[in-house]
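> For reference, the chains in residue letters:
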Amino acid sequence: MEGVKFWRKPLDWEMIQVTRGRVHIFEDRCKGCGYCIAYCPRDVLSFTDRFNRKGYHVPSALKEEECVNCHFCEIICPDFAIYSEEIPQPKEIEL
Amino acid sequence: MNGDVACAEGAIAAGCRFFAGYPITPATEVAEHMAVRLPYLGGMHIQMEDEIASMAAILGASWAGQKAMTSTSGPGFSLMMENLGLGIVTETPCVVVNVQRAGPSTGLPTLVAQGDMMQARWGSHGHYEIIALVPSSPQEAFDYTIRAFNLSEKYRVPVLLMTDEVVGHMMEKVTIPPKSAIRLVSRRKPRGAKARHQPFSADASHIPPMATAGDGYFMHITGLTHDSRGYPGMDAPTQKEMVERLVAKIRTHAEEIMDVEEYLLEDARVVLVSYGVSVRSSLKAMFEARDRGMKVGLLKLNTVWPFPERRVRELATTMDALITVEINLGQIALEVERSAAGRAATDLVGHAGGTIIEPGAILEAIEARCLNV
Amino acid sequence: MKSVHPYDELLRTDRIPHIWCPGCGIGTAFSSMLAAIKESALPLEDFAVVSGIGCTGRVAGYLKLDSFHTTHGRALPFATGLKLGNPRLNVVTFSGDGDLFAIGGNHFIHAARRNIDLAVFCVNNFNYGMTGGQVAPTTPYGAKTATTPMGNDEWPFNLPLLAYAVGAVYVARWTTLHVRRLTDAIREVFDRRGFRFIEILAPCPTAYGRRNRMKAPLDVLKYFEARVRVRHDADPAEAQIDLESPIVVGKFVDRKRPTFLDLWSKRYAPDEDEEVHVA
Chain C
1 MEGVKFWRKP LDWEMIQVTR GRVHIFEDRC KGCGYCIAYC PRDVLSFTDR FNRKGYHVPS
61 ALKEEECVNC HFCEIICPDF AIYSEEIPQP KEIEL
Chain U
1 MNGDVACAEG AIAAGCRFFA GYPITPATEV AEHMAVRLPY LGGMHIQMED EIASMAAILG
61 ASWAGQKAMT STSGPGFSLM MENLGLGIVT ETPCVVVNVQ RAGPSTGLPT LVAQGDMMQA
121 RWGSHGHYEI IALVPSSPQE AFDYTIRAFN LSEKYRVPVL LMTDEVVGHM MEKVTIPPKS
181 AIRLVSRRKP RGAKARHQPF SADASHIPPM ATAGDGYFMH ITGLTHDSRG YPGMDAPTQK
241 EMVERLVAKI RTHAEEIMDV EEYLLEDARV VLVSYGVSVR SSLKAMFEAR DRGMKVGLLK
301 LNTVWPFPER RVRELATTMD ALITVEINLG QIALEVERSA AGRAATDLVG HAGGTIIEPG
361 AILEAIEARC LNV
Chain R
1 MKSVHPYDEL LRTDRIPHIW CPGCGIGTAF SSMLAAIKES ALPLEDFAVV SGIGCTGRVA
61 GYLKLDSFHT THGRALPFAT GLKLGNPRLN VVTFSGDGDL FAIGGNHFIH AARRNIDLAV
121 FCVNNFNYGM TGGQVAPTTP YGAKTATTPM GNDEWPFNLP LLAYAVGAVY VARWTTLHVR
181 RLTDAIREVF DRRGFRFIEI LAPCPTAYGR RNRMKAPLDV LKYFEARVRV RHDADPAEAQ
241 IDLESPIVVG KFVDRKRPTF LDLWSKRYAP DEDEEVHVA
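Residue numbers (this note's numbering), protein chains in the order written: chain C, 1 to 95; chain U, 1 to 373; chain R, 1 to 279.
One thing to keep in mind: the hints can contain errors.
Among chain R residues calculated to face chain C with C-beta under 7 Å, some are [as the list claims (entries may be wrong)]:
no.: 1; residue: S3
no.: 2; residue: H5
no.: 3; residue: P22
no.: 4; residue: C24
no.: 5; residue: T28
no.: 6; residue: S31
no.: 7; residue: A35
no.: 8; residue: W155
no.: 9; residue: V179
no.: 10; residue: P217
no.: 11; residue: L218
Read the hints as simulated data drawn from the structure, not as lab findings. Think of the CB as a built atom: it goes at the ideal place given N, C-alpha and C, for glycine as much as any other residue.
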């Protein structure tokens with residue numbers, strides 16, 4: 001889904017505080033369909049050599065610092081096996 | 001009023017405020033009367049697209065807290081068997097009226113039979129117990145419809161009112177007692193913490209209390225084999241526990257549910273066993289036979305299911321013969337024969353349907369036994 | 001501290017993981033509904049979810065709301081009784097294409113015609129998944145299934161057109177790839193009254209995809225990605241699905257029509273304060 005990715009940066013990019021998220025994965029619920037990996041707009045998730053108890057290939061948040069807490073993985077996951085939550089950030093940018 | 005209207009009035013008296021049905025002779029008058037009466041009582045009548053939908057709708061309404069009923073005849077009764085099973089396994093109180101006509105299939109839509117008695121017992125698949133009441137007059141149609149609701153609410157089971165075309169269309173005086181004289185039963189509600197509620201957890205009575213949708217119990221109800229939580233359990237132990245309780249729920253209360261009336265049995269040698277409209281022919285034949293000095297009595301079955309097995313067995317030990325009178329070629333006669341277990345002779349006076357049983361035919365059967373004994 | 005999935009409060013977590021195969025779209029459709037229920041902030045005790053039989057029918061068993069898993073095809077008449085028995089309830093029917101449109105087709109057209117106040121979500125995965133992938137009334141012409149091994153010779157229903165024709169007041173189609181739009185649509189459906197219908201196209205990689213060159217779960221979503229065209233207010237007649245043309249998704253119908261209960265109360269209880277919606 002190429003269209004979802006940012007292809008241009010807004011002019012005030014530097015001033016906008018992008019929400020940051022943290023991904024939680026319930027490995028025991030995962031069935032390894034790969035939807036979250038394929039459709040994460042920030043490519044946060046990847047398959048590694050991790051498998052769960054049932055032998056499903058589970059995702060890992062290798063680039064978690066890229067997560068913007070959009071919740072897309074959370075809704076598209078058919079197995080209630082992943083969600084994201086916002087990481088509260090200190091307000092560093094003062095205008 | 002006729003038996004169909006009496007049945008509808010009985011339902012109203014019992015507190016039924018939801019009716020879903022589909023037109024079919026000879027049961028249509030029940031629905032038509034409900035359509036006239038219910039809207040002005042705060043209730044609702046809806047004509048569904050078929051009998052499958054009618055049966056499904058009354059189950060839904062029952063879970064919404066209503067006392068609900070549908071009425072039909074043979075072909076529609078066949079269609080209801082699917083969701084009757086759902087009602088049994090989800091323990092949903094409701095009343096199904098079958099105004100019997102002659103089958104199989106479309107059969108004789110306007111003419112009487114009592115050919116659905118075994119379908120009432122076993123028509124839906126799987127093993128279960130059911131309650132079926134049989135009125136023999138419009139007054140009984142009124143009274144037994146009330147009782148059908150009470151039993152259904154108490155035991156959480158669909159209750160069948162197995163009336164027939166003649167009782168349905170027969171006009172007779174019906175006495176409607178004052179409201180205060182009508183005893184009504186309502187389903188037991190769960191108590192205690194809602195979060196801990198288990199929809200199919202029963203005490204020694206085997207009857208679980210029933211919550212209503214929307215009351216915050218967040219219950220799951222399924223036609224799959226389920227445990228006390230209502231969760232599907234795809235294994236033999238869960239099946240055993242569930243089916244055995246559904247059966248025990250009726251069997252252990254069979255004596256309270258069963259209702260029979262006995263006529264002139266004290267000195268009788270031969271007993272007629274009959275139900276519904278055939279009771280009327282049987283009574284006529286019995287009195288005629290008595291006039292001619294034959295010692296005959298009558299066992300009138302007001303509830304056919306559960307079958308009064310014990311009473312029939314007792315009678316078989318003291319009587320010479322049991323003669324079952326019914327408008328079919330031997331259905332309840334099989335139960336009588338089974339219960340008698342060879343202790344007495346068992347006969348059937350029946351035919352394929354289309355008319356009532358002529359008292360003369362019963363009299364002949366009585367004579368055959370009394371003169372041969 | 002053990003982390004908790006945001007939908008767990010609406011799930012019977014003691015029954016999760018669920019029975020659906022890897023990549024099955026039912027879980028995604030279910031997830032969208034849970035998201036919409038949460039967003040709606042409607043009282044949870046007012047929801048009653050009714051499903052029929054089949055893979056999608058199992059949704060009722062995982063939901064921690066009043067939920068009814070009924071007989072095959074009969075979810076809608078059961079739901080009708082539930083709604084009319086207690087008009088306060090927010091009755092949702094969540095079931096599959098075979099359940100709602102083959103064995104239950106007659107009930108669908110009549111519930112819509114009556115405009116019973118029901119939200120109906122149909123997961124269409126183009127075949128009977130539970131029984132191993134047989135042809136359904138939604139299987140595209142030419143598609144292979146267990147009972148059409150050489151290809152399907154029947155034409156499928158165009159569900160949005162059917163729903164529109166029989167009187168549904170809200171008709172939309174989304175896929176499980178369009179989870180945001182789907183969630184928004186479900187959310188919107190909760191704000192409407194009357195017979196509301198959303199068709200949710202979903203992958204069934206195990207039974208359908210496998211026989212139609214989409215074996216991996218992602219293949220089906222990629223197929224949706226390539227073939228779907230989002231068009232709002234499109235003519236539902238253009239929503240026919242075949243193996244060649246683009247698949248039209250979007251909101252087709254959003255109209256007002258008095259519900260069965262509106263008309264009933266207008267006739268029998270006109271003096272009550274209830275707001276009567278008559279267009």
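> So, for every hint listed, does it hold in this structure?
Evaluated hints:
1. About 5 Å separates the beta-carbon of R:S3 from the nearest beta-carbon of chain C, less than 7 Å, and the hint is met.
2. Residue-level restraint check for R:H5 holds (minimum Cβ-Cβ distance to chain C is 5 Å; threshold 7 Å).
3. Because the beta carbon of R:P22 sits about 4 Å from the nearest beta carbon in chain C, less than 7 Å, this interface hint is met.
4. Checking R:C24 against chain C by beta carbon gives a least distance of about 6 Å; that is within 7 Å, so the hint holds.
5. A hinted interface residue such as R:T28 counts as satisfied when its beta carbon comes closer than 7 Å to some beta carbon of chain C; here the least separation is about 5 Å, so the hint holds.
6. Satisfaction of the interface hint for R:S31 is found here, the shortest Cβ-Cβ separation to chain C being roughly 5 Å, below the 7 Å cut-off.
7. A distance limit of 7 Å between C-beta atoms decides the matter here; for R:A35 the minimum to chain C is near 6 Å, and the interface restraint holds.
8. Here the hint on R:W155 is broken, as its CB sits about 29 Å from the closest CB of chain C, past 7 Å.
9. Because the beta carbon of R:V179 sits about 4 Å from the nearest beta carbon in chain C, less than 7 Å, this interface hint is met.
10. The interface hint given for R:P217 holds, since its Cβ lies 4 Å from the closest Cβ of chain C, which is under the 7 Å cut-off.
11. Taken as an interface hint, R:L218 checks out: its beta carbon lies about 6 Å from the nearest beta carbon of chain C, inside 7 Å.
Hint 8 alone, counting from the list given before, is not met by this structure.
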